[in-house]
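Undergrad: If you want the building blocks of each chain, they are given just below.
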Amino acid sequence: MVAVTSTATDVAVPAAADPPEAPAAGPRQITRSNPLVSITSWLFLFATAAFFLFPLVSMARFAFQRVPMILFGWSTLFDRWTWDGLFTAFRDEGFGPTLWLSGRLAIGTIVLTLALMLPTAMWVHLRIPSVRGLVETLTVLPYVVPPIALVVGVIGAYKESTPWFFNSQFSLIPFYAILAMPFTYRSLDAGLRAIDLRTLVDASRSLGAGWGTTMFRVLMPNMRTSLLTASFLTATVVMGEFTMAQLMGKFTLPVFQAQFYLREVQGGIALGLVTLLATTVLLAVITFLTRRRGAAASVAGGI
Amino acid sequence: MTSPSPSIGMAAFAEATAPEPAPQGAGSHALRLRQGLTAWAGLIPFFVFLGLFLVVPTVSVFIRAFGDVEGSESPALVEAMRGLFPHYFRESLKLSLYSALIGGVIGTLLALVVVRMQRPRWLRNLVTAFSGVAANMGGIVLAFAFIAALGTQGLATKALKTMGLELPTQFITTFWGLVVVYCFFQVPLMFLVMLPAIDGLKPAWREAVANLGGTSLTYWWRVGIPVLTPAALGGMLLLFANSFAAYATAFALSTGSAELVSVQIRFYLQGDNITGQANIGYALAAWMILIMLATIGIYLLVRRRAERWSR
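First to last, the protein sequences are chains A and Y.
The opening position of the first sequence corresponds to residue 0 in numbering that gives the first Met the number 0, with each subsequent residue numbered one higher.
The opening position of the second sequence corresponds to residue 0 in numbering that gives the first Met the number 0, with each subsequent residue numbered one higher.
Read the hints as simulated data drawn from the structure, not as lab findings.
Beta carbons: idealized from backbone N, C-alpha and C, even for Gly.
Treat the hints with caution; some may be incorrect.
[Unchecked claim] Where chain A lies over chain Y, by a calculated footprint (3+ residues, C-beta under 8 Å):
1) 39 to 51
2) 130 to 138
[Unchecked claim] Have a look at the derived ranges for each label pair, beta carbon to beta carbon:
3) 158(A) - 83(Y): 24 to 32 Å
4) 129(A) - 198(Y): 46 to 54 Å
5) 220(A) - 167(Y): 40 to 48 Å
6) 166(A) - 256(Y): 24 to 32 Å
Use the sequences and the hints to build the structure in full.
TA: Here it is as structure tokens:
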């Protein structure tokens with residue numbers, strides 16, 4: 000506070016001030032060069048990084064080191080690394096079928112999502128743009144009903160009334176499409192906004208193409224990135240969803256993982272780490288895809 | 000706002016609910032009237048789908064929640080607020096509150112630090128990318144990671160022990176253990192929510208404060224904090240909802256015994272093994288939906304206010 004008032008008087012009598020006192024540096028440098036803040040910032044960053052990396056590193060060691068649990072510590076850091084745990088998981092008779100089921104659920108959810116949401120989003124853009132806000136609001140409704148509550152309702156509504164549907168392995172698909180809807184719709188909506196939809200449709204139609212040709216040969220190739228993003232995001236959700244699958248009694252990959260972990264701790268952790276890596280790679284690919292397009296979009300937006 | 004980001008979960012929700020300029024109505028009045036019905040007809044599949052797989056289950060939750068419970072006069076919805084149940088709700092709300100506050104503060108600080116540090120240029124991208132993954136990492140895999148780190152034989156447990164800090168037994172299944180674990184996805188989520196808000200702080204404001212004779216402290220106290228408060232509040236509400244809805248992590252950490260509403264619901268669904276009590280499960284789910292509705296409703300109000308400064 001004292002410093003501030005002295006600066007103020009210095010300004011009133013500019014030439015008289017002694018050089019070291021006069022803060023010639025602008026306001027930015029004052030904050031940036033404060034060493035105390037810099038050191039605190041770095042310490043904070045390191046502490047945060049440690050918090051986030053420790054569980055992952057621990058996981059890697061538990062997964063890939065054949066060391067008795069009691070002996071995990073600094074001294075055994077380089078001892079007996081092995082893939083055995085992971086192979087135990089891969090060889091387990093539950094792994095193949097559950098991965099296959101989860102894979103089919105992911106593909107089914109992607110197909111259902113695209114078949115339903117893409118025409119809907121296009122229709123909104125072409126025919127009733129005034130309801131875009133309403134539709135977008137409806138697509139985020141699933142956030143209000145958490146999966147654990149949704150599954151309760153699904154059991155209540157469908158377990159006894161339509162057992163043929165509820166008991167099918169694939170009954171999860173429409174609910175996964177619901178869980179994924181908030182971001183699949185958004186991704187498709189962004190894709191549609193990035194292309195000149197009306198011109199493309201008019202051009203294609205006036206050249207004699209039917210709606211099918213327009214959709215598959217004109218619009219979808221132009222929206223590749225957005226379709227891929229929506230599909231990958233859906234796949235990440237389906238491959239990791241545990242709550243609904245468990246409570247509806249479907250033996251999917253995450254449900255298998257939870258059971259397998261109780262039998263084979265090391266294999267369970269190894270499998271968990273591998274699925275985590277796979278998800279990370281998938282998300283990294285999406286980030287890469289959207290960043291390329293995002294850069295183009297932001298240039299256009301800047302104008 | 001228009002550039003899409005590959006976020007799922009609550010981070011996507013934060014972006015999806017950002018207000019946008021209303022689209023201008025196209026076409027003449029007469030044309031719109033004529034097109035009205037056929038235009039809405041195109042949305043029928045979407046509405047039917049939402050109705051069957053979201054609305055019907057939700058309505059069914061509430062119908063059964065008003066059903067009765069054996070040995071009680073009152074509907075399940077009231078019964079679910081008696082006995083041990085308020086305890087589960089309190090635990091869930093407390094966990095959501097603490098993990099939202101702690102995750103919110105750390106996430107905001109992280110965003111401030113990352114925006115302020117411009118020197119390693121990759122830092123910001125790295126933290127953002129990692130946050131995108133970690134914010135969505137809730138679930139059984141996260142539980143495994145923390146069992147390896149903070150479990151009884153965990154590496155962090157041992158490291159802390161050598162430093163003379165002994166964790167209570169089964170720390171990871173205790174209330175504070177869960178708070179620590181939840182921070183793993185709460186902090187990155189808050190970071191992702193706060194990043195655009197902090198980017199919105201204009202350097203001109205800082206210069207204006209300096210020109211008027213204010214210090215850095217004045218700037219934060221009179222400008223920075225007031226401008227960021229609505230965004231931070233909104234972010235924390237989102238974190239609150241996120242943690243309240245979570246099930247898989249807590250289930251896997253406690254192997255089904257966590258005293259949280261989301262985990263306890265499961266007991267009442269397992270093939271009506273507690274006869275006459277099945278409706279309690281529906282009532283718990285109904286209360287969860289109501290609490291989520293309230294949280295997200297307040298969030299949307301706060302969000303609208305937060306948007307004021309980002310233009």
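Undergrad: Indicate, hint by hint, whether the structure satisfies it.
TA: Going down the list of hints, with the structure as the test:
no.: 1; hint: 39 to 51; result: holds (count 8)
no.: 2; hint: 130 to 138; result: holds (count 6)
no.: 3; hint: 158(A) - 83(Y): 24 to 32 Å; result: 26 Å, holds
no.: 4; hint: 129(A) - 198(Y): 46 to 54 Å; result: 31 Å, violated
no.: 5; hint: 220(A) - 167(Y): 40 to 48 Å; result: 59 Å, violated
no.: 6; hint: 166(A) - 256(Y): 24 to 32 Å; result: 28 Å, holds
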